[in-house]
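K.L.:
One letter stands for each residue in the lines below.
There are 2 protein chains.
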Amino acid sequence: MRSHRCGELTESHLNQEVDLCGWVHRRRDHGGVIFIDLRDREGLVQVVFDPDFAEAFKLAETVRSEYVLKVHGTVRPRPAGTENPNLTTGKIEVLATHLEILNKAETPPFPLESEIEVSEETRLRFRYIDLRRPLMQQRMKMRRDVIRFLRGFLDHHGFYEVETPFLTKATPEGARDYLVPSRTHPNHFFALPQSPQLYKQLLMISGMDRYYQVVRCFRDEDLRADRQPEFTQLDIETSFMDENQIMYLMEDMIRQLFAEVLQVELPNPFPRLTYAEAMRRYGSDKPDLRIPLELVDIADLVESAEFKVFAGPANDPDGRVVALKLPGGANLSRKEIDDLTQHVAIYGAKGLAYIKIVDRSAGIDGLQSPIVKFLPVDAVRGILDRVEAETGDIVFFGADKAGVVNEAMGALRLKLGQDRGLADKDWKPLWVVDFPMFEWDEKENRWFALHHPFTAPKCSLGELESNPGQALSRAYDMVLNGTEVGGGSIRIHRTDMQHSVFKLLGIGDVEAQQKFGFLLNALRYGAPPHGGLAFGLDRLVMLMSGAASIREVMAFPKTQSAWCPMIDAPAMVTDAQLRELGIRLRRPSEGDKG
Amino acid sequence: MRSHRCGELTESHLNQEVDLCGWVHRRRDHGGVIFIDLRDREGLVQVVFDPDFAEAFKLAETVRSEYVLKVHGTVRPRPAGTENPNLTTGKIEVLATHLEILNKAETPPFPLESEIEVSEETRLRFRYIDLRRPLMQQRMKMRRDVIRFLRGFLDHHGFYEVETPFLTKATPEGARDYLVPSRTHPNHFFALPQSPQLYKQLLMISGMDRYYQVVRCFRDEDLRADRQPEFTQLDIETSFMDENQIMYLMEDMIRQLFAEVLQVELPNPFPRLTYAEAMRRYGSDKPDLRIPLELVDIADLVESAEFKVFAGPANDPDGRVVALKLPGGANLSRKEIDDLTQHVAIYGAKGLAYIKIVDRSAGIDGLQSPIVKFLPVDAVRGILDRVEAETGDIVFFGADKAGVVNEAMGALRLKLGQDRGLADKDWKPLWVVDFPMFEWDEKENRWFALHHPFTAPKCSLGELESNPGQALSRAYDMVLNGTEVGGGSIRIHRTDMQHSVFKLLGIGDVEAQQKFGFLLNALRYGAPPHGGLAFGLDRLVMLMSGAASIREVMAFPKTQSAWCPMIDAPAMVTDAQLRELGIRLRRPSEGDKG
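Listed in order, the protein sequences are those of chains A and B.
Using the working numbering, the letters of the first sequence map in sequence onto residues 231 to 824.
Using the working numbering, the letters of the second sequence map in sequence onto residues 231 to 824.
For the record, the hints were derived by calculation from the structure and aren't laboratory data.
Certain hints may be false.
Identical copies look the same in the list; a pair holds intra-copy or inter-copy alike.
[Claimed, not checked] The calculated lysine-lysine pairs, modelled on BS3-like cross-linking and capped at a C-alpha distance of 30 Å, are:
1) K334 / K745
2) K733 / K658
3) K688 / K334
Please build the complete structure, drawing on both the sequences and the hints.
P.N.:
Right under this line is the structure:
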């Protein structure tokens with residue numbers, strides 16, 4: 231039907247006859263002539279209808295926004311002075327000789343100019359129109375470019391794409407599963423996978439050597455923050471590589487991806503931080519390294535102070551006392567500091583102590599602070615020396631259980647970085663390594679796996695069992711600008727180690743056999759050393775495209791309440807359907823057919 | 231950990247030191263030396279352990295089948311006379327100097343030699359071992375090669391891969407859906423997609439221009455024949471192309487695929503048959519053109535015979551009478567003919583009349599048949615002339631309602647072709663086109679869509695409404711060796727036509743708005759002409775790899791009862807889970823927690 235796409239015409243097509251198909255982006259009547267910006271996936275081109283071609287001109291007079299047209303015409307230069315340097319096609323236009331209206335259109339529910347604010351609910355309800363906006367087309371194209379590059383890289387490195395099942399079994403120790411009732415096996419349910427973790431390990435045991443999959447995963451979580459019930463993972467696993475080889479290959483992939491798609495050069499190699507160091511310096515295991523602020527431990531300086539707020543945590547083995555210096559922050563107003571105090575309260579901090587350095591040369595007298603009077607002068611001096619505070623700076627303090635301090639002061643660090651525009655413009659990827667194997671849960675009085683129960687420890691079986699709290703794992707997370715974009719580990723490939731980890735997690739032999747029997751069995755028949763990781767593709771594309779939410783880089787996302795306003799799903803079903811599945815509703819509501 | 235893969239070593243690596251990782255495929259002790267065939271994804275290599283390297287030799291003595299090893303050694307030529315021409319690595323061997331046992335293995339539940347028959351249930355239960363068999367590895371590799379090629383072709387032709395949701399809404403007019411209870415919207419259910427049909431149409435309306443997706447689809451069908459609850463589709467849609475352009479592009483893709491992966495040349499162009507002609511000549515809309523047998527209509531020759539079995543259907547407008555000649559078939563025994571009679575009975579045929587041509591030159595006396603005596607001599611002569619019967623042939627007859635004749639004689643044609651080994655060795659693809667829009671269902675007393683309700687008719691809206699039974703659709707099926715591998719159509723892109731088709735299918739305006747409101751709305755805002763198709767990837771790979779079932783080309787298929795013996799899914803869930811979803815079991819069985 232067409233010879234070219236609208237957006238690809240340039241001066242190299244001058245004087246050529248072309249056939250174009252596309253949508254009416256804008257129509258202007260000017261000086262007895264009709265101008266139509268015709269739009270397709272590749273962009274816009276200006277089409278001119280002149281009364282000399284009476285039939286086409288007459289038809290063009292009836293044309294409105296979003297009509298679908300087929301145009302035949304000749305490419306010619308735009309008159310001097312009317313070129314549009316912002317368009318690829320800006321130096322040319324098409325003089326139309328024939329016009330066919332392929333389909334009419336009603337006035338769209340919102341205009342397509344991307345500057346115009348439209349509520350997200352409306353955008354999702356009319357997603358097929360929202361996706362016509364050039365910005366959304368670019369995002370979909372970038373998503374495709376990213377996935378295509380990643381596949382190419384992995385293909386090149388001998389990874390085979392293998393599809394794993396969606397109708398599978400509930401994942402223990404994970405988030406909530408989506409369940410699918412089985413009709414042929416009454417009272418039994420499939421679960422949609424939260425990730426193909428165990429399948430990819432089984433593929434390694436089956437000798438597949440290197441595997442990847444661009445795969446949908448499902449989590450029935452409360453959709454706080456930026457979550458979706460279904461999301462896409464680049465899932466990767468390999469045999470016979472250790473964590474250093476895997477990390478290097480993966481960062482190389484991401485480096486090449488950024489070079490190819492964004493023309494951005496990422497560091498080589500990526501810096502690595504241990505979990506301990508990341509928590510110590512940034513209060514977070516996914517630090518945003520663009521922000522040049524760091525937490526500094528000062529417990530040793532205040533442990534003998536009378537000020538219990540500091541001395542208590544300083545003397546508590548589970549406590550932590552830190553200082554965070556904001557250079558030039560002495561100009562923060564009382565109101566601004568109150569807001570920051572409220573912000574850290576979200577994370578459990580009971581207050582936000584600070585010292586403003588009005589004049590460093592004036593000693594204690596040059597400080598403005600509600601707490602200095604409670605601290606020995608030596609301690610204050612020691613703190614200011616350690617954080618290298620200078621006149622005009624402010625120093626904030628966090629003192630509490632280490633978990634609270636890390637969360638609250640980590641969040642404060644991010645907020646200060648954003649509010650004050652401190653973030654470096656560069657991309658800041660890193661690896662976080664040496665995670666603890668387990669976290670102790672006070673409430674449930676048992677160990678939990680920090681990653682998942684298939685993660686291999688760095689230590690021997692004996693060391694693991696004698697001191698699980700000290701054991702580090704062979705896990706690694708890739709963090710980019712404060713967002714975890716990927717994570718993985720070397721897996722356990724020996725039955726005895728897997729049994730031991732299950733036992734430490736409180737999963738007895740019977741339960742282990744019932745839930746993970748297939749894995750424990752498989753490990754007995756020659757499991758190779760293996761490991762891998764998974765990238766959150768939605769997040770990665772979101773970051774790369776500068777979008778504010780993963781919903782902006784998915785063609786048909788759901789709302790925060792897991793609803794699709796476009797097709798109106800989920801929906802009610804008939805009683806006959808429920809009957810076939812052997813289930814009934816607990817509280818049928820009025821109007822329900824079930 | 232390794233420098234090469236086992237299966238890739240050749241003479242070009244002679245004298246090189248190599249590190250290999252892999253599984254012990256076979257161990258032989260011979261002449262004081264230990265030979266181990268070490269296996270990985272790429273194949274086998276012979277590793278030799280000599281007592282000269284005492285430590286490695288001693289360890290090698292403990293090694294058993296399926297142990298995972300790491301070997302360091304030197305590539306050397308095999309001694310003259312011991313080369314194995316069947317292996318890529320058959321001219322060399324590796325003299326091991328170091329050995330590390332990476333993991334031990336118990337004796338596998340079945341040996342990996344692919345010649346050995348193992349029950350499918352066992353193979354599926356231990357799929358991770360089954361997949362180690364070289365034949366299964368080849369199939370997984372072919373699957374990956376096929377998908378990779380197809381993606382590359384579509385990328386090259388400007389198709390964008392776009393992901394569509396899995397948590398969607400029930401499909402009307404389709405097979406049974408898998409349902410997913412929503413927790414956040416009580417009493418509401420998602421459905422897993424039977425295909426992304428409507429999403430891909432919405433993508434066209436959103437200006438995506440050309441779309442594809444390698445996508446999982448779900449059907450909760452009774453798993454007769456070779457079906458799986460989840461299967462993979464190559465889903466394709468394009469705007470601004472007509473059916474001929476689509477068919478040509480798609481057959482070009484398949485032609486290039488076969489050339490690339492199988493080094494097979496398919497015809498250019500693919501032959502096309504109308505639905506009417508396919509039914510007339512082969513009794514099937516997916517004819518296996520490798521079999522050189524055809525149905526021949528003979529109603530006109532027997533319509534005035536006294537033999538009611540033939541004359542009845544010959545005079546019934548819904549009836550059909552056909553002859554099917556099997557050259558050289560006069561030697562079929564009574565028993566063989568009885569078996570064929572039973573075979574056609576499956577498809578509803580009440581018997582199987584035949585004429586054996588013992589001696590064509592002897593006229594009626596040269597025939598052997600239970601029915602000739604009931605037919606006028608002229609009719610018999612007319613039949614034999616029309617099918618060009620010769621001495622030694624047999625002619626079978628089908629006479630009944632056209633539907634029964636087509637099914638039964640189409641099946642007989644296939645069976646004769648298989649039993650007698652008549653099938654051509656070549657690949658025989660074709661397009662079947664000009665399907666009827668609708669089929670009349672006597673029982674429900676209404677029209678059904680032969681494809682789906684979004685398929686465009688070849689005729690105008692007026693013609694469609696005045697004579698729906700005569701209307702042909704713009705649908706096309708790609709058939710390969712008697713299997714439908716792909717199918718699609720040009721879609722309806724105008725609201726009035728879509729309304730009209732819904733009405734003909736008995737879907738009123740209210741129901742249409744309720745079920746398909748989003749599509750009807752979308753068509754109003756500038757829908758481009760569009761069409762596409764979907765390929766069944768499992769079937770395509772099955773055909774290409776010569777496997778007997780789609781289960782043989784899926785990594786982790788389910789059994790015929792939609793069960794996974796490996797992970798034991800579906801499984802029972804807790805009452806707490808059901809409670810959260812607002813559902814309960816209708817008949818909790820003993821031991822159920824729900």
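K.L.:
Check each numbered hint from earlier against the structure, then list the numbers of those it violates in ascending order.
P.N.:
2
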